[in-house]
Amino acid sequence: MSDNTILDVKKLSTHFFTENGVVKAVNDVSFSVSEGQTVCIVGESGCGKSVTAMSIMRLIEDPPGKIVDGEILFQDKDLIHASKKDLRRLRGNDISMIFQEPMSSLNPVLTIGEQITEPLFEHRLLTKKQAKQEAIKLIELVGIGRSNEIFHSYPHQLSGGMLQRIMIAIALSCDPLLLIADEPTTALDVTIQAQILELLKEIKEERNMSMLLITHDLGVVAEVADYVVVMYAGKVIEQGSVLDIFKDPKHPYTQGLLQSKPVLNQRKKRLYSIPGQVPNLIDLKPSCYFYDRCEHRMSICGGSIPEKMEVDDNHQVACWLYEKEEVRT
Amino acid sequence: MDQKEPLVEVKNLKKHYKDSSRSLFKRNQSVVKAVDNVSFTIEEGETFGLVGESGSGKSTIGRSILRLTDITDGEILYKGKSVHQLSKQELREHRKSFQFVFQDPFSSLNPRIRIGDAIGEALLDHGLATKKEIREKVLEVLNLCGLAPYHIDRFPHEFSGGQRQRIGIARAIIMDPEFIVADEPVSGLDVSIQAQIINLFSDLQEKKQLTYLFISHDLSVVEHIATRVGVLYLGTLMELGSRDEIYENPLHPYTKSLLSAIPIPDPTVKRERIVLQGDVPNPANPPTGCKFHTRCPFAREKCKTIVPEFKEVEANHFVACHLV
Ligand SMILES: Nc1ncnc2c1ncn2[C@@H]1O[C@H](COP(=O)(O)OP(=O)(O)OP(=O)(O)O)[C@@H](O)[C@H]1O
Ligand SMILES: Nc1ncnc2c1ncn2[C@@H]1O[C@H](COP(=O)(O)OP(=O)(O)OP(=O)(O)O)[C@@H](O)[C@H]1O
Ligand code: SF4
Ligand code: SF4
Ligand SMILES: [Mg+2]
Ligand SMILES: [Mg+2]
Chain A
31 MSDNTILDVK
41 KLSTHFFTEN
51 GVVKAVNDVS
61 FSVSEGQTVC
71 IVGESGCGKS
81 VTAMSIMRLI
91 EDPPGKIVDG
101 EILFQDKDLI
111 HASKKDLRRL
121 RGNDISMIFQ
131 EPMSSLNPVL
141 TIGEQITEPL
151 FEHRLLTKKQ
161 AKQEAIKLIE
171 LVGIGRSNEI
181 FHSYPHQLSG
191 GMLQRIMIAI
201 ALSCDPLLLI
211 ADEPTTALDV
221 TIQAQILELL
231 KEIKEERNMS
241 MLLITHDLGV
251 VAEVADYVVV
261 MYAGKVIEQG
271 SVLDIFKDPK
281 HPYTQGLLQS
291 KPVLNQRKKR
301 LYSIPGQVPN
311 LIDLKPSCYF
321 YDRCEHRMSI
331 CGGSIPEKME
341 VDDNHQVACW
351 LYEKEEVRT
Chain B
83 MDQKEPLVEV
93 KNLKKHYKDS
103 SRSLFKRNQS
113 VVKAVDNVSF
123 TIEEGETFGL
133 VGESGSGKST
143 IGRSILRLTD
153 ITDGEILYKG
163 KSVHQLSKQE
173 LREHRKSFQF
183 VFQDPFSSLN
193 PRIRIGDAIG
203 EALLDHGLAT
213 KKEIREKVLE
223 VLNLCGLAPY
233 HIDRFPHEFS
243 GGQRQRIGIA
253 RAIIMDPEFI
263 VADEPVSGLD
273 VSIQAQIINL
283 FSDLQEKKQL
293 TYLFISHDLS
303 VVEHIATRVG
313 VLYLGTLMEL
323 GSRDEIYENP
333 LHPYTKSLLS
343 AIPIPDPTVK
353 RERIVLQGDV
363 PNPANPPTGC
373 KFHTRCPFAR
383 EKCKTIVPEF
393 KEVEANHFVA
403 CHLV
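So the sequences go chain by chain: A and B. This note's numbering numbers the first residue of the first sequence as 31 and each following residue consecutively. This note's numbering numbers the first residue of the second sequence as 83 and each following residue consecutively.
FYI, nobody ran anything at the bench for these hints, they're computed from the structure. Do not rely on the hints blindly, as some may be mistaken.
Stated by the list, open to error - Stretch-level coverage of chain B by chain A, calculated; a stretch enters the list once three of its residues show a Cβ under 8 angstroms from a Cβ in chain A:
1. 168-180
2. 232-240
3. 270-283
4. 301-309
5. 368-376
Claimed, not checked - Residues from chain A shown here face chain B by an in silico Cβ test under 8 angstroms; the list is partial:
6. Arg121
7. Thr216
8. Asp219
9. Gln223
10. Gln285
11. Leu287
12. Ser290
13. Asn295
14. Arg300
Note that the Cβ used here is the ideal one computed from N, Cα and C, for glycine as well.
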């Protein structure tokens, strides 16, 4: 952890206690984000990306969910033991989040203007007139013309791309230090995705904001990330700089993911495909969770869970292949 | 060049919907031209990729070809026969040879019907086989689609997304079709599963000499699987050509910008990107002239008023743009 670390997640575990058993959605996850840095969490559906983000925001519904272990430090403040009041002040002020489904996080019966100005009243104590001016500025900042008209319209009157911009405007309204964006472009067409990514990059640079971006799209990761955290079945299986992950991936799963994605202008006769599917998070065995699908599995992999280890500066991997001979056998 | 009759011929297809969106104050009586004068052919054994942004009319074209919807104007020929003129009896016969694979097969599966029965359903409906024969056939297609024999008695909720898509494909191929319309068949899937399903499509095509209309908004997937590609914008084809032409020599500004918008999973590649401004216009009120002119970085004065002709600029490569 460097001096300018803004968010530090240590050994976080978030479980859901359901009728069918305990879902270990986030399982001993550690990573950090420093000032001005963009960290991407990447992984397939159900691997715990959103639950990680919601845990940081302290928005896990309890029951059935519970942070069962670990620490979350934001500028050295302990978020897990923070009071409701402190959390409320932090969220929206210092940390903002853009959720996976924009439509569901906007209120359909309030105008866009009402929804953008709300946090301005609450956190920045602006007057009505000031808030409106600020809202108009924000709408323009996220690249929507006709800001006055948009201010008075309702969510259903806007396209998906516009709604996502509005979500960004709301998230930026209090000038956060950290923006958490959960799949902000997944539901959008590529041309609109390109606009939104461009916008996020610009704003981030202008404000020296940190960003934790969640996505399953390796293309998006390559484009925006400084640092990458790869998750599989609730665990971080590899993390490193964007160059490490794309040019020198170590974990068989990371390698497989990169190989199975069709890439423009790199035609292959046949796509590489990882056999099988992700394990059920309810009955995880005490083995490497990738064991059933791994081409390189060894006997040790079936009997114990590999710990994360440093293979290079800031490049860590959880795989027995990289453990010293004597430990492995 | 090739004098063989195409398997499917879409001629000047138009499909209009009454616009259902209405504001509080005025009732909008306008029509949405979901498909606006589209023509192309699909040759036997090929995979025709249809791409375009959301709302461009891809699904409507697929559904029109299979006669799952009426058409407003134009004609669709399947082996020279006009699909929308067939009698009920002829249509029934016809239905066996073409099938549809949806994006979300789960929504089309009855949660209380076992997978084996769901896959064999159509054979039973058509009275094509005995119960025993059907079971054998179901086992055969399960195997072809990478599912296990014991899956036959399971219920839909017991399957993962990728497996459900395999079930959707098994349901389609059990009829021994010649032609399959696959509408975003890998869109909701994770990359590792997506690769499995794309390979399955390729394998089945080889084994069963299938012809595909493959609909997708993901141009990198289409590049992998298609032999020819059509690029749609607001219900109109902007460009049409062989896969190599479209990907290596795109001529239409819209195709170029679509391609340049796709993020490449390589942080060392820095590309010139054409970032399109604004959203896709309201299809109920499309721009005059070239429909793309409101977002086109190269638009000229005449683009606003004159509709560009869809012309063959190179052999079998068609483009609708004044600049080409
Ligand atoms: N309220 C809940 N109750 C029980 N299980 C839950 C709950 N919320 C999430 N989970 C489980 O936790 C796991 C991780 O879910 P999460 O939403 O974090 O996945 P994700 O990586 O964001 O996936 P996606 O890419 O599909 O959004 C999943 O197995 C999910 O089923
Ligand atoms: N049943 C319907 N009634 C009215 N309008 C419709 C209907 N079906 C489609 N449309 C309209 O026709 C246009 C084309 O829709 P279509 O579903 O064919 O697009 P698409 O290219 O498949 O989009 P997507 O990528 O979102 O699936 C859209 O503007 C859509 O709103
Ligand atoms: S620990 Fe073993 S099974 Fe797991 S990824 Fe490494 S080699 Fe494969
Ligand atoms: S006709 Fe004009 S507006 Fe249309 S694509 Fe060509 S240059 Fe652009
Ligand atoms: Mg999620
Ligand atoms: Mg569609």
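To see whether the hints hold, each was checked on the structure:
Note: the segment 168-180 of chain B has 0 residues with beta-carbon separation from chain A under 8 angstroms; the three-residue rule is not met and the coverage is violated. With 0 residues bearing a CB less than 8 angstroms from a CB of chain A, the segment 232-240 of chain B misses the requirement of three and the coverage assertion fails. Counting residues of the segment 270-283 of chain B whose CB falls under 8 angstroms from any CB of chain A gives 9; the rule of at least 3 is met. Given as covered by chain A, the segment 301-309 of chain B passes the check, having 5 residues with a CB less than 8 angstroms from a CB of that chain where 3 are the minimum.
With 0 residues having a Cβ less than 8 angstroms from any Cβ of chain A, the segment 368-376 of chain B misses the three-residue criterion, and the hint is violated. Violation of the interface hint for Arg121(A) is found here, the shortest Cβ-Cβ separation to chain B being roughly 30 angstroms, above the 8 angstroms cut-off. Look at Thr216(A): its Cβ only gets to about 10 angstroms from chain B, farther than 8 angstroms, so that hint breaks. A hinted interface residue such as Asp219(A) counts as satisfied when its beta carbon comes closer than 8 angstroms to some beta carbon of chain B; here the least separation is about 4 angstroms, so the hint holds.
For Gln223(A), the interface hint holds, the least distance from its beta-carbon to any beta-carbon of chain B being 7 angstroms, beneath 8 angstroms. Among the interface hints, the one on Gln285(A) is violated; its C-beta lies about 11 angstroms from the nearest C-beta in chain B, farther than the 8 angstroms criterion. Taking 8 angstroms as the C-beta contact cut-off toward chain B, the hint placing Leu287(A) at the interface holds, the least distance being around 6 angstroms. For Ser290(A), the interface hint holds, the least distance from its beta-carbon to any beta-carbon of chain B being 4 angstroms, beneath 8 angstroms.
With a cut of 8 angstroms, the hint placing Asn295(A) at the interface with chain B holds, because the nearest CB-to-CB distance is about 7 angstroms. For Arg300(A), the shortest C-beta to C-beta distance to chain B is roughly 6 angstroms, which falls under 8 angstroms, so the interface hint holds.
Going down the numbered hints, you'll see the structure goes against 1, 2, 5, 6, 7 and 10, while the others check out.
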